[in-house]
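S.K.: So the chains spell out like this:
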Amino acid sequence: MSGDAGDSSSDIGVQPENAAGDRPVVVEDLTKEFGSVVANDSVSFAVNEGEVFGFLGPNGAGKSTTIRMLLGMLHPTSGTARVLGADIRDEAALTAAKRRIGYLPAHLGFDESMTGEAVLDYHGAMKGETRRDELLELFTPPIDRPIREYSTGNTRMLGLVQVFMHDPDLVIMDEPTAGLDPLKQERFNEFVREERDRGTTVFFSSHVLSEVRRVCDRVGILRAGSLVELENVDALLHRSGKRVRVHANNAAVAAITALDGAVGTERFADGVQFIYAGDANALLRELSAHDIHDVAIGEPPIEDVFAHYYGTDGTEDTGDAAERSSNA
Amino acid sequence: MLETARYEGRRRIRGAAVLTAGVGAYAGFIVWYFTVLEGVDYEDVFEDLPPAMLEAFGIESLSTIEGFLGAQVFNFVWLLGLGLYFAYVAGGTVAGDIETGRMDLLLSLPVMRSRLLVEKFAALLVPMIAVNAFGGPIIYLFVVAVGESVPVDNLFLAHLLSVPYLLVCAGIGLVFSVAVDRAAIAERGAVGTVFVLYLVESVVGGADAYDWIQYLSPTQYYDPTPILIDGSFEPIDSAILIVAFVGLLVLSQALFERRDV
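Protein sequence lines, in the order shown, are assigned to chains H and D. The first sequence begins at 190 in our numbering and counts up by one. The second sequence begins at 26 in our numbering and counts up by one.
To be clear, the hints were calculated from the coordinates, so they are not data collected in a lab. Cβ atoms here follow ideal geometry from the backbone N, Cα and C, with glycine treated the same way. It cannot be assumed that every hint is accurate.
Said to hold, decoys possible - Not everything, but these chain D residues come out facing chain H in the computed CB check (under 8 Å):
hint, residue
1, Arg37
2, Thr125
3, Arg127
4, Asp129
5, Ser133
6, Val136
7, Arg138
In isolation and in its complexed conformation, chain H is listed as follows (with noise of 0.2 Å):
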């Protein structure tokens, strides 16, 4: 397995060759210090173009301050990066830039006061508006109604009309689907993958290993401000394992946990709960051997993927990660 995380890292890693500004999101040693806060030390990776690159991390990691800094809201504390070509410390070159850029920032600040297609009007005449009534048929948040009216949802969609409406070449999304229903989520991941195949360039972050899954191509993992991980999603697949949870008795409990792959073992009163990232058959006929009064295999919270994986904790010294990872 490991095998597998050093045989990808070393193909998608910034390589001299790939770094001459030809990918759309090249990030160079990025690092922003917020007082004694490092909130991003000297993240460094590429994004290819045409893919969805996944910018994976628990809340808190520094996803959204990588974010910021590629769209010039930040100023780095030192290192830089290249978004479509432009160097984003030349403010002239980024403004350039963002006509092809789509950006979906995670808390959306609309003006409260103003209708939909007023904000629509405004981001259309600034960027252009060619894809506007495409996607007001696939996302439909009420336009002529004031924003303050609208529900999380329709902000969202809203939102996403926007990222799109220019027919930008690399779209930037920080936690895109947090606040749509499921149903919703899923009809955004179709469209991702839709407007991936038409060529365009997604770079977006999460903290849901699922979703991350189930539309990236490449997924990069932060953690503590330190890029962890490097690589493609079948190999995240294979180490991130699921989360089961198991209600029997003693006897039962000692025999599951012993399996190989369950880590990160907690009891509880009447039962335990682990990842497990072994081989699923092994699982199961472990688990029909016993009298089980109730199970559930899950997809595991991210937090715990990271602590058994990459770490103890969440606020272990970014040092460390480093270390880690390069040892993977």
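Dock chain D against the given chain H, drawing on the hints supplied.
M.R.: Below, chain D alone, put in the same frame as chain H:
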């Protein structure tokens, strides 16, 4: 071109209408009150007041409608009220957008920060022009309605020359807005600064030793009562206000370019 100014200006229309209506209603009340006071020898009433107080409230000649308007409407509403209002509103422009996350959306658009700031500020011209362009005729009509008269050119000048003064007040607000993270603090800071400058000018105006301090206040350079009475003003005063405004705008630009949002 100017999409941002147009869009932001649209957001200011309702506020501008409310402001103009409020100021117009107050002016109507003052004009009506002037007719009630007629016959009262109230110059005597103010004779005993300390000169500093007369200075502070711009009281010169209350027995004429020009003097009365100058003291009660222009000194009170334009110099103090609108000065504070524009400092407050400008204080909320950038800091408010940063606080609500709106600035993220604005800066994702292909527009330079310097241009964004200028266009956002330009939207404040909507209430500034509305309150003068409509306030002036409203005052004039009220005056005519009570059978008095006021020289149209002097009234026009009093409004026109208030614009550089109000720009400086708004400029003070803008500096606070780009320098501070939270809208409430920027607004309070701006209002407090304009108010303190107003007080300082009034207070030290009488004291010779520190009379230079009064020249720091924008209120020193806009004196509506003499303009209304006989049309007298110093062009250099308006020039000073315009230079100060440009300085504040340049300072805001520099601060906004440098800051993280």
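S.K.: Which hint numbers doesn't this structure obey?
M.R.: Number 1 - this is the single hint that the structure violates.
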